[in-house]
Amino acid sequence: MQKKVIEVRGLKKSFGDLDVLKGVDLDLYDGENLVVLGKSGSGKSVLIKIMVGLLTQDEGTLKVLGHEVSEMGSKALNQLRLRIGFSFQASALYDSMTVRENLEFPLVRNVKGIGKAEKDKLVESVLESVGLIQTINQMPSELSGGQRKRIGIARTLILKPAIMLYDEPTAGLDPITCMDINKLINQVNEEYKTSSIIITHDLTCAKVTGDRMAMLIDGVFSAEGEFEEVFKYSEDPSVKSFYDYNFIQ
Amino acid sequence: MAENTATHKSGLRRRVENFFIGLASAYRFVERFFREVWFPPYEFKEFIRQCYQIGYNSLPLISLTGFIVGVVFTNQSRPSLAEFGATSWLPALISIAVIRAMGPLVTALIAAGKVGSSIGAEIGSMKVTEQIDAMEVSATNPFKFLVVSRVLASTFMIPVLVMYTDFVALMGAFFNVNQHELVSLSTFFVQVFDALSFLDITSSLLKSLVFGFTIGIVGCYKGYNSTKGTEGVGKAANSAVVMAMFLIFIEELLALQITNFFRQL
Ligand SMILES: Nc1ncnc2c1ncn2[C@@H]1O[C@H](COP(=O)(O)OP(=O)(O)O)[C@@H](O)[C@H]1O
Ligand SMILES: [Mg+2]
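Chains R and G, in that order, give the protein sequences. Using my numbering, read the first sequence as starting at 1 and increasing by one per residue. Using my numbering, read the second sequence as starting at 1 and increasing by one per residue.
The set of hints was computed from the structure by calculation and includes no laboratory data. There may be inaccurate statements among the hints.
In silico lysine to any residue, SDA-like type, Cα no more than 25 Å apart, as pairs [said to hold, decoys possible]:
hint, chain 1, residue 1, chain 2, residue 2
1, R, K183, R, D27
2, R, K116, G, F44
3, R, K63, R, F15
4, G, K228, G, P142
5, R, K39, G, T227
6, G, K144, G, F34
7, R, K193, R, N78
8, R, K112, G, R49
9, G, K144, R, L107
10, G, K228, G, G11
11, G, K228, R, G16
12, R, K160, G, F145
13, G, K144, G, K228
14, R, K39, G, K228
15, G, K228, R, D218
16, G, K114, G, G234
17, R, K112, G, D133
18, R, K207, R, Y243
19, G, K228, R, S144
20, R, K39, R, L203
21, G, K45, R, I114
22, G, K235, R, F15
23, R, K22, R, V52
24, R, K121, G, K45
25, G, K144, R, S96
26, R, K160, R, G146
Excised from the complex, chain R in its bound form (with noise of 0.2 Å):
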């Protein structure tokens, strides 16, 4: 049996009146690939940003490398999050600093007393691995979507997480661009020996990127398994639905 390094179950979670996760059970196993589909507002962004604290469940439980997320206090909590990455959909590049400066920014605030030459070597390594040194001086403003993607991934890389989580990694780039990002995460997956989750509703990403798949549909995870498993012999309509709308477009 593999490891788990992520646990959920029975994970609820509302806002107000709407009820966005309704018993979520999900398990990610050490060195996996897991992608989780699902369409826009369907609650994938809340699941993951649940498992780093940003938001807390209202029901069930959440253990992320054997800690239950919610009852961590807040220094746990930070140790915890040092070992995830968390690559977010609009890259969320700090604006007012330069590559080098965002790289550094979870270093520096982290690492007590890393000389300049550590830093230095880290920062170029990363961007090495996600082939971008020539932008080490840019601002973030003067890249391109897939470049800033690329730096928001570098930036997670940079203190070595054993978990990432993308979040919708591929939405709103080119097809092209799709593809080095999907190239990207697997390379990072062999070199860094991460466990990640894949939030996505791009099928090609889902197929290229996972080793298995989750489908969340209404608050739950319906079909599960590897990507012809869910797709080729799903009776399920809405994950029917979901394929034949994903490759209309």
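Following the hints, position chain G with the ligands against chain R.
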């Protein structure tokens, strides 16, 4: 039908509710500031950066308006004093007007426009593009890094800018007085300082501290609570300015009452 009246009723009720919800959340925000400001980590670098930003942003506009206020106010006051043959009181009159009221007010209103809106827009856009969340997941307290540093910077810088505005406005006044009454710079400033009491100066500075705090905290609050989308950011910046200006006038009124109380002692 029944549903219709229900929604109609709840329309008014919702507005009243929203007002109090807003008030409560503003209160919690201010309270959180006072809870977090005392404890490390202290974001000293960010504080310095913000001080510089605030000074740099408002200096040109404040210099210009300060000087013009000095010139215009002097010029407009002259006829009334001339009626009593008392134009020699001009420096004293201007000194009191500038230090007690116009310097702090002009500076705070301009800073509310320049500094308050830029804080509101900056934090608002960081909020909607998830930069604040990104900070939080890289184990940095965004409230400390962004809010506490900015509020402290504006609380510290507005009094500094007020002193500067006072000086520029007095120079504007001197420029005008010098043309008409041929008073020398040293005589002018001797008269200016003679007119002022300790209470005038301390109350002016304390008031400026409060104005600075108001501008910073309102900008941060509006930004931190801005809603999704670029429209939300614009609204945050705009309402930061309106709210800060409104509060500044209220505070000016309160400060007047308080200093008058002390003056009578
Ligand atoms: N902080 C929040 N406050 C209120 N509602 C929220 C919040 N975050 C998300 N929601 C709502 O929850 C639902 C799911 O959002 P989200 O997880 O972002 O969807 P997606 O699956 O597209 O990522 C949406 O209807 C959204 O409006
Ligand atoms: Mg989302």
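Here is what the structure says about each hint:
Restraint check: the Cα-Cα separation between R:K183 and R:D27 comes to about 24 Å, which is no more than 25 Å; the hinted pair holds. With a C-alpha separation of about 20 Å, the suggested pairing of R:K116 with G:F44 holds against the 25 Å cut-off. For the proposed pair R:K63 and R:F15, the alpha carbon gap of about 22 Å is at most 25 Å, so the pair holds. Note on G:K228 and G:P142: the hinted pairing holds, with a Cα-Cα distance of about 18 Å set against a maximum of 25 Å.
For the hint linking R:K39 to G:T227, the alpha-carbon distance of about 22 Å falls within 25 Å, and the restraint holds. With a C-alpha separation of about 11 Å, the suggested pair G:K144 and G:F34 falls inside the 25 Å cut-off, and the hint holds. For the proposed pair R:K193 and R:N78, the alpha carbon gap of about 21 Å is at most 25 Å, so the pair holds. The hinted pair formed by R:K112 and G:R49 meets the criterion: a straight-line CA distance of about 22 Å does not exceed 25 Å.
For the hint pairing G:K144 with R:L107, the CA-to-CA distance comes to about 18 Å; that is within 25 Å, so the pair holds. For the proposed pair G:K228 and G:G11, the alpha carbon gap of about 23 Å is at most 25 Å, so the pair holds. Between the alpha carbons of G:K228 and R:G16 the distance comes to roughly 18 Å, so the proposed pair stays at or under 25 Å and holds. For the hint pairing R:K160 with G:F145, the CA-to-CA distance comes to about 24 Å; that is within 25 Å, so the pair holds.
This hinted pair checks out: G:K144 and G:K228 have alpha carbons roughly 22 Å apart, not beyond 25 Å. About 19 Å separates the Cα atoms of R:K39 and G:K228, which keeps this hinted pair within 25 Å; it holds. Using a Cα cut-off of 25 Å, the hinted pair G:K228 and R:D218 holds, with the two alpha carbons roughly 23 Å apart. With a C-alpha separation of about 14 Å, the suggested pairing of G:K114 with G:G234 holds against the 25 Å cut-off.
For the proposed pair R:K112 and G:D133, the alpha carbon gap of about 22 Å is at most 25 Å, so the pair holds. Only pairs whose Cα atoms come within 25 Å are accepted, and R:K207 paired with R:Y243 is accepted, the gap being roughly 12 Å. With a C-alpha separation of about 22 Å, the suggested pairing of G:K228 with R:S144 holds against the 25 Å cut-off. Using a Cα cut-off of 25 Å, the hinted pair R:K39 and R:L203 holds, with the two alpha carbons roughly 12 Å apart.
Between G:K45 and R:I114 the CA atoms are separated by roughly 17 Å; this keeps the pair inside 25 Å, and the hint holds. The straight-line distance between the Cα atoms of G:K235 and R:F15 is roughly 23 Å, inside the 25 Å bound, and the hint therefore holds. Among the hinted pairs, R:K22 with R:V52 is consistent with the structure: their alpha-carbon atoms are about 19 Å apart, no more than 25 Å. Pair hint R:K121 plus G:K45 holds up; C-alpha atoms about 24 Å apart against a cutoff of 25 Å.
A C-alpha spacing of about 17 Å is found between G:K144 and R:S96, which places the hinted pair at or below 25 Å, so the restraint holds. At roughly 22 Å between alpha-carbon atoms, R:K160 and R:G146 fall within 25 Å of each other, so this suggested pair holds.
Of the numbered hints given earlier, the model fails none.
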